[in-house]
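Novice: In the order they appear, the protein sequences are chains A and B.
Here the first sequence is numbered in our numbering, starting from 162 and rising by one per residue.
Here the second sequence is numbered in our numbering, starting from 162 and rising by one per residue.
Some clues are possibly wrong.
Note that the list lumps identical chains together, so a pair holds whenever it fits in one copy or between two copies.
[Unchecked claim] Distance condition first, Cα-Cα at most 30 Å in a straight line; then the derived DSS-like pairs of lysine-lysine:
(1) Lys327 to Lys229
(2) Lys290 to Lys191
(3) Lys324 to Lys229
(4) Lys191 to Lys324
(5) Lys291 to Lys189
(6) Lys213 to Lys294
(7) Lys189 to Lys294
(8) Lys263 to Lys291
(9) Lys213 to Lys191
(10) Lys324 to Lys263
Keep in mind that the hints were calculated from the coordinates and are not lab data.
Number of protein chains: 2
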Amino acid sequence: MNPKGEIGARVRVSVTVAGLSLEEYVEKVKAFHGYAAPGMILGGFMVDVALKHLPENTLYDAICETPKCLPDAIQLLTPCTLGNGWLHIVNLGKFALSLYEKRRGEGVRVFVSPSKLEGFPVLWNWFMKKGPKEERDLGRLVEAICEVGPSVICHQRVQVQEKFLKGRRHRGFAICPRCKESYPADDGPVCLGCQGQAPYEEPLGSNPKRHYGIEED
Amino acid sequence: MNPKGEIGARVRVSVTVAGLSLEEYVEKVKAFHGYAAPGMILGGFMVDVALKHLPENTLYDAICETPKCLPDAIQLLTPCTLGNGWLHIVNLGKFALSLYEKRRGEGVRVFVSPSKLEGFPVLWNWFMKKGPKEERDLGRLVEAICEVGPSVICHQRVQVQEKFLKGRRHRGFAICPRCKESYPADDGPVCLGCQGQAPYEEPLGSNPKRHYGIEED
Chain A
162 MNPKGEIGAR VRVSVTVAGL SLEEYVEKVK AFHGYAAPGM ILGGFMVDVA LKHLPENTLY
222 DAICETPKCL PDAIQLLTPC TLGNGWLHIV NLGKFALSLY EKRRGEGVRV FVSPSKLEGF
282 PVLWNWFMKK GPKEERDLGR LVEAICEVGP SVICHQRVQV QEKFLKGRRH RGFAICPRCK
342 ESYPADDGPV CLGCQGQAPY EEPLGSNPKR HYGIEED
Chain B
162 MNPKGEIGAR VRVSVTVAGL SLEEYVEKVK AFHGYAAPGM ILGGFMVDVA LKHLPENTLY
222 DAICETPKCL PDAIQLLTPC TLGNGWLHIV NLGKFALSLY EKRRGEGVRV FVSPSKLEGF
282 PVLWNWFMKK GPKEERDLGR LVEAICEVGP SVICHQRVQV QEKFLKGRRH RGFAICPRCK
342 ESYPADDGPV CLGCQGQAPY EEPLGSNPKR HYGIEED
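Chain A on its own, in the form it takes in the complex (with noise of 0.2 Å):
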């Protein structure tokens, strides 16, 4: 068992990641994710596959169609990151990414062949879930994930919707009557928080400036 996933002596093919070696990809993965996750290893490919079929100097944005693992391979190894608005993430459940041109979207998306996985155990239970995610020896899977490599990636030229391309609409901003903090103001009379959409259990009535208990310092 190596439940951090590390790499072993026993991947010796010579794999790039966007420009970078194998190690030194796991090196910003583990700095950055925590952890060498299979996910990332597999999503490191991904990226790889889909800068390569890009052409040379596109500007582009990213789409990413799960939360899981992958939005952080494309974080470490584009200039694409959730807080810059370059990436943008549709929840797909889906083990897959686009890359596209930011103004027209042509893109290319990619994703993961489950049948081209069918010859590989270990890694179809991990991909498709199977089994207690304990018992499952990551860094076996990631050196399977090595050995497979690209071949289990396929790729499809895409074509964006219009709401993904850049020049989208600046929204107003206003101050929400109820809590007096900024919001935009097409969101309705007060804010989105106000209106019931807070992540926020609120025991003490309707005001959350009043029950969660401000403090300024």
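Mind docking chain B on chain A? Use the hints.
Specialist: Here is chain B on its own, set in the frame of chain A:
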């Protein structure tokens, strides 16, 4: 004008951001986010305030109430990233974040008090998105943020809703009979992409494998 938000020589305050000097933090911001965006500087101070109000040795997750800038400050300064599942985005369009104990949900929420920005027109106009973005002097803005520092940031205790706490159910996966990719089985008989939620144009029919022109190599 200093459109790239360089930290000018005028900033002479000694500030630290989650244990880093401001200069170290700005270097990290440039490498990850692309440039020293004002929202990243303010966001750094906000994460710093949140960390200071969390009991020592707390194992925490993060909620960010906007996808803009702030998630990157969290990802750079804490172990929480989108991909490792410790950062949750609840898009309320509000520049606010919470750090909370990941099993019990007790946490601290930090936000900017607009009323405290009223004496600083440069900050007010930026925070409330007044006037054209192109005319903003990012360098001056960053300096103004460094000068006011944490004084415009408020915090409050929160109890995060149960659905954001650790121990969520592992979803079963299946092969979508339409696109042949894997997807969370409880999304329905076909994946959310094939249910019409894919972010791509579908000009040629309903089978994405055919009209996207799938290529493998």
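Novice: For every hint, state whether the structure bears it out.
Specialist: Hints, verified against the model:
no., hint, verdict
1, Lys327 to Lys229, "both (25 Å within a copy, 15 Å between copies)"
2, Lys290 to Lys191, "within (23 Å within a copy, 37 Å between copies)"
3, Lys324 to Lys229, "both (23 Å within a copy, 17 Å between copies)"
4, Lys191 to Lys324, "between (34 Å within a copy, 27 Å between copies)"
5, Lys291 to Lys189, "within (28 Å within a copy, 38 Å between copies)"
6, Lys213 to Lys294, "neither (33 Å within a copy, 34 Å between copies)"
7, Lys189 to Lys294, "within (24 Å within a copy, 34 Å between copies)"
8, Lys263 to Lys291, "between (37 Å within a copy, 26 Å between copies)"
9, Lys213 to Lys191, "both (24 Å within a copy, 25 Å between copies)"
10, Lys324 to Lys263, "within (11 Å within a copy, 34 Å between copies)"
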